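Colleague: Okay, here's what each chain looks like letter by letter:
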Amino acid sequence: MHIPDGYLGPQTYGAFYAIMIPIWYWASRKVKETLKSKQVPLLALGAAFSFVIMMFNVPAPGGSTGHAVGGAFIAIILGPWHALMSLTVALVIQSLLFGDGGITAIAANCFNMALVMPFTAYFIYWLIRGSADILSRRGLVAAFMAGYISLNIAALFTAIEFGIQPFIARGPNGEPLYCPYPLSITIPVMGFEHLAFFGWIEGGITALVLSSIAKIEPALIVKEVKLNKLWVFIGILILLTPLGLIAQGTSWGEWSGEELKRILGFIPEGLKNLENLWNTLLSGYNIPGWEGPLFQSLGYILSAIMGVVMVSGVIFMIGKLLSFWEEN
Amino acid sequence: MKPVDSFRTLPAWLKTEGIGTFQTTSFETRKSSFIKKTLSDITGFLRDTLFTSVWVREKGFLQGMDPRSKLLGVLFLIITVSIMRTINPLLYLYILSVILAIASRIKIVFFVKRVWFFIPFFAGVIAIPSLFLVPGKPIFSFLVLTITREGITTATIFVLRVATSVSFLILLILTTKWDHILKALRVFYVPSLFILILSMTYRYIYLLIYTMEDMHISLLSRTIKRHTLQEGQRWIAGRIGFIFYKSRRLSGEVYDAMISRGFRGEVSILDTFRMKGVDYLWLSLSLGVFIMEIAS
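Read top to bottom, the protein sequences are chains F and U.
Each residue of the first sequence is one higher than the one before, counting from 628 in my numbering.
Each residue of the second sequence is one higher than the one before, counting from 632 in my numbering.
So that you can see chain F by itself, here it is in the shape it has in the complex (with noise of 0.2 Å):
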């Protein structure tokens, strides 16, 4: 998942530059806090122990092999902050000395593996486990899931910053300049790896390596959670993602059923039916600035929340099924 320089335009790795900064600045003053003075050597050691990881050949079904990223639990056991100071560490040293993943893509690979990788997961884990035991059935299934889902949505966003490149740029005779793949391809082709393959291998090693951290040392796993500040926190990013998406040209939003057409190859049935429902529903308020980009990324932002919310009513109900199934 390390995206190499070429593959995405000055647009799309800029914007990562735009939006990991701060992240970064508000994440060392984070840390800075809760850790002291003693987090020189900590954060090194999690940084080695987050590229090392990354080096095990996990066996997988058939015979093969896979590589587990590791943000998961890595997030689990330090907590999502830390998690994001050491895998950054981790990743800047694989950029700059290594050369796996390029230098102007390492605020992108830094948002997919070190920013949206340990959040989902973090979140996911506390929101199924709840108050369980860590070894209980509940609280394994809680891990396995962080691992398979944020490893997912980690490689679906990669996945568009692939498939948004032919849109962005085109050379003068209409060619796409970098990753030549449409939203079409990218999406479905991660999609199938992730969620057929390397998901698996992600949850269940950190299903496993959680369990066997629990048996060491169950004191190591951070216990605490204050699920009020994430909320805040993925409260942000719903809030930026329209922000990366107008500074890209044309709007998510602007996009009718022709321009989906023209991108995706077809027209989702749903999404006809839901673009009539849409046009019936808005026809009578006639608001001269709707189409306006304001308005647009508004829309945009009302359906990240409904997207969170349901995604997140789903998790609990999950967790909620797994606690009753355990108490009978």
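Hints were generated in silico from the structure; no laboratory data involved.
If you're wondering where the values come from, they're calculated on a predicted model, not measured in any experiment.
Any given hint could turn out to be false.
[Said to hold, decoys possible] So the derived label-pair ranges between C-beta atoms look like this: (1) L838/U to L762/F: 29 to 39 Å; (2) A846/F to V898/U: 27 to 37 Å; (3) S691/F to T903/U: 41 to 51 Å; (4) V898/U to P649/F: 17 to 27 Å; (5) S763/F to R865/U: 11 to 21 Å.
Think of the CB as a built atom: it goes at the ideal place given N, C-alpha and C, for glycine as much as any other residue.
Given chain F, work out where chain U should sit, using these hints.
Modeller: Okay, now just chain U, sitting in the frame of chain F:
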């Protein structure tokens, strides 16, 4: 003792070839041996670092430069490569990277191989289908597949762009000591504490990799039957847990050692970097290329 002398004093059995291949009673087939795969990955990683560090000692053009201006210049060039829209200028910059490699006394076969070795696997796999998939003027048809002019342009620009940026990054890595690359990050106002963490991480990566290698060798030498999938995964998870536990303990010990040597949380990075004539030449070259591209 010079390295050559120590090589002479080695016992004969250590100098014979084939050291490092493990004779075991294992029934493992090649297919299921994740242990051997990781071991050969580790060997490859260590070999790469060894070969990478060879060129730093050459007295070439890039080696003689201040790491700060080298890093800045390489960054300007990679950004320039990322904004180019046509084939020719990309080709000129690729040729520039080869000329720089020659001027830095890097064996050209090694350099070109090192860069292009990665390209077919990653960029090539992506570029080849785009020959057929990008719509445009057809110029060659084979059965159901049609290669378009736009497809060829897309694939060429993409591969050339990736190859050129990888070339510049590899040039930086091959001609600069790792601690100098990290210290040069001061140019971008990266806090010195962060640079200290980066360089400590780099050192501990090797320690943890050696630990990891030992674990795999010891498992391999006591393996007599094939591991099931579950056994293999459990073992790896246990080892990852152990490496975590070990690094956590180690960080406490390292902290104590730092405190007892007078560490008070303040970091000052010693750098003796000096800008010379060649640095100004290099910076104006890379900045010039960058401005020319922006202006065109």
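Colleague: Is it true that the C-beta distance of V898/U to P649/F lies inside 17 to 27 Å, as the hint says?
Modeller: Cβ of V898/U to Cβ of P649/F: about 23 Å, so the range 17 to 27 Å holds.
Colleague: Holds or violated: 11 to 21 Å for the Cβ distance of S763/F and R865/U?
Modeller: Cβ of S763/F to Cβ of R865/U: about 19 Å, so the range 11 to 21 Å holds.
Colleague: Given the hint of 41 to 51 Å, check if S691/F and T903/U actually sit that far apart at their C-beta atoms.
Modeller: Because 49 Å falls inside the window, the suggested range holds.
Colleague: Is 29 to 39 Å respected by the C-beta to C-beta distance linking L838/U and L762/F?
Modeller: At 30 Å between Cβs, range holds.
Colleague: Looking only at beta-carbon atoms, does the pair A846/F, V898/U fall within the given range of 27 to 37 Å?
Modeller: Holds - the Cβ-Cβ distance for A846/F and V898/U, about 30 Å, lies within 27 to 37 Å.
Of the numbered hints given earlier, the model fails none.
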